[in-house]
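If you want the building blocks of each chain, they are given just below.
2 protein chains.
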Amino acid sequence: MTKKAKWIWRYGDYEIFHNVLLHMRRKRYGVPYPALWALDSVEPNVLFTKKFVLEEPTKFTVFTNGLGQVRVNRQLYPVGEEIVCSAGEKVIDVLVTNPRGLPAAFVVGEKVFSDESWFCDDKKAPMDCVGCSPAYYRAADNVEEFPFALKKISVFTKEETAGGCLYDFGKETYAFLVLENITEHTQVYFGESREEALDTQYAYLRETVLPAAKARLEKRAFRFAYVCGKQQPTAVYGEYEYLPMEKIGGFSSDDEELNTIYQIGERTLELCAREFYIDGIKRDHWVWSGDAYQAFMIHNCLFADREIVKRTITALLGKPPYRRHVNTINDYSLYLIVSAYDYYFQSGDAEFVRKIWARLKELYAFCVERLDENGFVCKRQGDWIFVDWSNTLDKDGPPCALQILLWKANKCMRELAVVLGDRLEFLLDGDALKEKIFEKYYDGERGAFIDGFTSGKRMINRQQNVFAVLYGFTNEAQTRRIVETVLCGDAPAITTPFFKFFELAALGKCGKTERVFEFVKAYWGGMVKLGATSFWEEYDPTKTEHYAMYGDKYGKSLCHVWGSGPVYLMINYLAGIQITSVGGATYEVKPCVNGVKDYTARMPVSNGWVEVEKRGARVNVYAMSAGGTLILDGKRYLIEKEKQLTVEVTGEMLERSTDEN
Amino acid sequence: MTKKAKWIWRYGDYEIFHNVLLHMRRKRYGVPYPALWALDSVEPNVLFTKKFVLEEPTKFTVFTNGLGQVRVNRQLYPVGEEIVCSAGEKVIDVLVTNPRGLPAAFVVGEKVFSDESWFCDDKKAPMDCVGCSPAYYRAADNVEEFPFALKKISVFTKEETAGGCLYDFGKETYAFLVLENITEHTQVYFGESREEALDTQYAYLRETVLPAAKARLEKRAFRFAYVCGKQQPTAVYGEYEYLPMEKIGGFSSDDEELNTIYQIGERTLELCAREFYIDGIKRDHWVWSGDAYQAFMIHNCLFADREIVKRTITALLGKPPYRRHVNTINDYSLYLIVSAYDYYFQSGDAEFVRKIWARLKELYAFCVERLDENGFVCKRQGDWIFVDWSNTLDKDGPPCALQILLWKANKCMRELAVVLGDRLEFLLDGDALKEKIFEKYYDGERGAFIDGFTSGKRMINRQQNVFAVLYGFTNEAQTRRIVETVLCGDAPAITTPFFKFFELAALGKCGKTERVFEFVKAYWGGMVKLGATSFWEEYDPTKTEHYAMYGDKYGKSLCHVWGSGPVYLMINYLAGIQITSVGGATYEVKPCVNGVKDYTARMPVSNGWVEVEKRGARVNVYAMSAGGTLILDGKRYLIEKEKQLTVEVTGEMLERSTDEN
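Chains A and B, in that order, are what the protein sequence lines are. Going by this note's numbering, the first residue of the first sequence is number 132, and it counts up by one from there. Going by this note's numbering, the first residue of the second sequence is number 132, and it counts up by one from there.
Don't take each hint at face value.
Intra- or inter-copy, both count: the list cannot distinguish identical chains.
As the list claims (entries may be wrong) - Under the rule of at most 25 Å between Cα atoms (straight-line distance), these lysine-lysine pairs were calculated in the PhoX-like manner: (1) 492 to 254; (2) 674 to 492; (3) 441 to 510; (4) 526 to 486; (5) 255 to 510; (6) 450 to 254; (7) 674 to 181; (8) 567 to 350; (9) 361 to 378; (10) 450 to 492; (11) 254 to 510; (12) 450 to 255; (13) 135 to 283; (14) 350 to 684; (15) 631 to 660; (16) 652 to 631; (17) 190 to 282; (18) 441 to 361; (19) 350 to 242; (20) 774 to 652; (21) 774 to 571.
To be clear, the hints were calculated from the coordinates, so they are not data collected in a lab.
Just chain A, same shape as in the assembly (with noise of 0.2 Å):
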């Protein structure tokens, strides 16, 4: 009929619902391997509502996933048959009862139909809103079915052994493996890796195939597939599964190095973008609040479309009451409220925050509550203190990080308690929060904070001071001294390109890009020489053995979104480009114009995008958005909506290193 009637449901419980799903797909060895994390599950008797008024008499059917009644003014309806309604005020309700799925109704009409403008009462908590996708616009579409996309791929190679065949599609990939004429009991063994593939003992991922005209088997990460056995299909193919959305953002350059590093984070992203951003798609195959708070950064560099991103804050916030922290990990909570502010910082959606607020504040007030005497962060019973891997945190009581964090989640929610004009009683109060921290924490001495108090050993190691840059914890002086001391000093060494994200992300606000690009190539530059075709979950280049983990030969994770950080970095340190207030109303470009000589970047700002252009030593800025600021030098030119600035760059600035701006 229409197609601005929508499916709606319960807002949230299609998150809730779709993640329970995706939870259940990893295996390990052909075992399933859910989160090892309470999932949630959907209200299952619900009432969606809205009234209307009608001028004329009109006609509208109902469809309901789940046991449905419609009733008008109280007068009772079925669903799926056209009901003619008359003219005057109609409260319209209808009722979805479903313990098997996720209750959802569908109306379709000229003037009555179902979308983000009708409320939902589960009868418990007031009255709310419903929750509906574009994705979701016909009678026939299912709502418990994921709308990914489908592109078919080959082998790229073949090769023959004793066993069988060893199909390599030339990169990592999440896809539908498809066998034809399968005429035997066939074993199929995937792998990320070659080694994998061809290890039938420690595979991670396999199949048993039984005899058919055209298996399709499970969706599964691979670049790899191993089929056993002398009868092989007459065809191989993959059905690629991806989340279509249009890139915007973009770079490359006259560095090749730089440019397959770039392109290689982008894939990696793209391909943990599920319904949710997870961590791997071999593994963990989960939804990670730390993990997804650095895809959002890096997905902001590269869409506009940020529907993925509320899905999975939607998805970690899952249902109150909580009882335990999000992924059962401290941190995480807090990283969960960091996220919901950087969605609205960057996209000025405040109708989102509306929507999750209750829960927020209710995910707030648990980690508010579980505070020590101090009002730190600490270990409470069933709780996960996570902070980084690290040999030498030293982890005795609640750690500095964490405070800062806190601090940092306070700060998050205080401001969009303003912007939501709620009441600021809540809160803590964040200036006295941040007194205590560094009374306990911070040294002044040696100009940084350590990493507890508890054990009287003062260790300084990386991770709060990290946060302390990156969340602006510190002034100017407090924080150069950091960036000297720590930072660029010699406190030991990050191992995990979780936190290595963050703090290459505090290098490059510093302005210490060359330093940033120097280990973006060592490292990230390290797997693509090894052959990697996305970016690993690790990567120590001083080891031979790169592919076991947790106690796995093949247990690593060879596409991890963490692994994505350099799009991240290429585009806001390198080329420059930084949103500098709520929806990208203003930006800032302050292009780096020593190190690389050409290159060119573009990221989504507000309703458009901006894009740098460096060719030797000049400097092209066009604009899609208004709002901009061309930074060079230290000199300020506006960036005009659609009008190309061009400034050229002094010898003396190109031949300066950067990290001496």
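Since chain A is already given, all that's left is putting chain B on it; use the hints.
Chain B only, in chain A's frame:
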């Protein structure tokens, strides 16, 4: 393999899941009519665990309802395959993920098998117990199907009409109607009455049947089925679906009218005994806490098997946190607490109370946190203060009846807390509450409690005075005055069978047996005279029309559990059998010796039963339970187990009116 293994689930989730299924069955004119209140959903990701110390290697197999994973000391195994397990200490974990049903596990083996000794971790609350039922003990058993029994029932009479054929099954039933050889689209109209079935416009339940060799319709409440069309099925019969329970209690006498009332009462209760006790089988076909509370009282007279009582309490408790009252009604939350105590008092089963204790306390806390400044139950947002349907009751402000019910519920919680060894700090001060109730509601001059104090009208209705007597709220003298001035006085008559049952129980408790059975015969006997084969939701002897209710021509339920009251009254007050301490460790038999010449009554007590046989002036008591005392004419006789006790009643006593005792 072995019957000791049982399917296990997260404690309470079986009831939560089946509760949704049950509430999806009601229809009205073909349109589904699910419960008006919130229904709960099960936890979709749960872990079942138990530690075994194995002296020798053993084998076992795991089956799951949902996606499953097995871990033996963290080593992964798939479900459905035999696992060989070495000797030693083994923690066996079974993870089940299921967003579309009831997560459950079945572990079967010689030494390792699932039963009530396992634990469940839903990863939110602390580790908790599991639920199981002897009905599910094979791998093939489906925990999502309720184990009802079926019995073929035949048409009693068949009556041809111009438009079709009316099939009368002789009495109210709940069955799948089966029609053989349907050759055309056929409309079937059900009726609890003949009039309803023949009224194709207003019959509440109806179904369209497509041509089929054998059509088995949805299970429905009916006595009559009107099958329209010229091509009648070649055979019509029913499959009566019922809950198999061993009936121990019973009553018969030389008074045929009483016998008929008793039999119909039993039948009514049995028809309403589904997965849980429902209010009525046609309508609402819902689980209401107040109705269930009365059903439990009656149930205890007949059945030693109290599984349905536990299931109903568990289903009504649902899943915390509580944001609305049970069935949205303040009174109904309180009845549920009283029901839990009554269950314990009748059965002595503290284990069950321990399992629901956390939920019960949370529900109690929810009730308490909503009290007003006097500490009284009052109407808060979303509340429904029911008390009773009455035109005379002054419902302005907090009603007295609910404060006495609160006092009773508080007393029940206190006694349960003592049994479970819980601290008592969370409880209200019952004495202070009583004092406040007396201060605000007791009219010393009139010797009764007023309805409420808000309006200033100082009305005296029966409801709160019935509770004062029934719950032993008043002392002997106060009780006597209430009975005189209110219960046997001219306070407005109660008009609902719901509160009439409480009133008759209160009168029975005070020995007013004659008055009780006068009413039983007039009221229930009236329904019998009108041809009732089960007792009705409501009956007004002064009216000639009995089927309409709630604006529907056949809206009244003609099979309503609260109509079964006479069963309770006959066994508790005519035969006078009553438990006097927890679990029936002691009990009394105070048979009424005047009024009915001969009768026999039996009631389950503890692990056995007691039977009272009155034949004229002789009373025989035979018990399969120790702890009994026969009380006749103020004298006490020890009832020895398995030994008949005979006492002759004096002529004087036989002639005296019971109500003067």
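Right, here's what the structure says about each hint:
In this homomeric assembly, residue 492 and residue 254 come within 25 Å of each other (Cα to Cα) both inside a single copy, at 21 Å, and across copies, at 22 Å. Taking the closest pair of Cα atoms, residue 674 and residue 492 never come within 25 Å of each other, the shortest separation being 45 Å inside a single copy and 57 Å across copies. For the identical chains of this complex, residue 441 and residue 510 are neighbours neither inside a copy (29 Å) nor across copies (38 Å), given an alpha-carbon limit of 25 Å. For the identical chains of this complex, residue 526 and residue 486 are neighbours neither inside a copy (36 Å) nor across copies (38 Å), given an alpha-carbon limit of 25 Å.
When the C-alpha separation of residue 255 and residue 510 is checked against a cutoff of 25 Å, the pair qualifies only between copies, where the shortest distance is 16 Å, while the shortest distance within a copy is 32 Å. Taking the closest pair of Cα atoms, residue 450 and residue 254 come within 25 Å of each other both inside a single copy (15 Å) and across two copies (14 Å). Taking the closest pair of Cα atoms, residue 674 and residue 181 never come within 25 Å of each other, the shortest separation being 62 Å inside a single copy and 41 Å across copies. Taking CA atoms no more than 25 Å apart as the test, residue 567 paired with residue 350 passes in neither setting, with 50 Å inside one copy and 67 Å between copies.
For the homomeric pair residue 361 and residue 378, neither the shortest alpha-carbon distance inside one copy (43 Å) nor that between copies (66 Å) is at most 25 Å. In the homo-oligomer, the alpha carbons of residue 450 and residue 492 lie at most 25 Å apart both inside one protomer (12 Å) and across protomers (22 Å), since each shortest distance falls under that limit. Taking the shortest alpha-carbon separations for residue 254 and residue 510, only the inter-copy value of 17 Å comes in at or below 25 Å, while the best intra-copy value is 35 Å. Proximity of residue 450 to residue 255 under the C-alpha cut-off of 25 Å is found in both arrangements, the shortest distances being 12 Å within a copy and 11 Å between copies.
Within a single copy, residue 135 and residue 283 get their C-alpha atoms no closer than 31 Å, and across copies no closer than 52 Å, so neither meets the 25 Å cut-off. When the C-alpha separation of residue 350 and residue 684 is checked against a cutoff of 25 Å, the pair qualifies only within one copy, where the shortest distance is 22 Å, while the shortest distance between copies is 56 Å. In this assembly of identical chains, residue 631 and residue 660 lie within 25 Å of each other by CA distance solely inside one copy; the values are 20 Å within and 86 Å between copies. For the identical chains of this complex, residue 652 and residue 631 are intra-copy neighbours only, at 14 Å inside a copy versus 85 Å across copies, given an alpha-carbon limit of 25 Å.
In this homomeric assembly, residue 190 and residue 282 never come within 25 Å of each other (Cα to Cα): the closest approach is 40 Å inside a single copy and 46 Å across copies. For the identical chains of this complex, residue 441 and residue 361 are neighbours neither inside a copy (48 Å) nor across copies (60 Å), given an alpha-carbon limit of 25 Å. Taking the shortest alpha-carbon separations for residue 350 and residue 242, neither the intra-copy value of 41 Å nor the inter-copy value of 38 Å comes in at or below 25 Å. In this assembly of identical chains, the alpha carbons of residue 774 and residue 652 never lie at most 25 Å apart, being 34 Å within a copy and 96 Å across copies at closest.
In this assembly of identical chains, residue 774 and residue 571 lie within 25 Å of each other by CA distance neither inside one copy nor across copies; the values are 52 Å within and 80 Å between.
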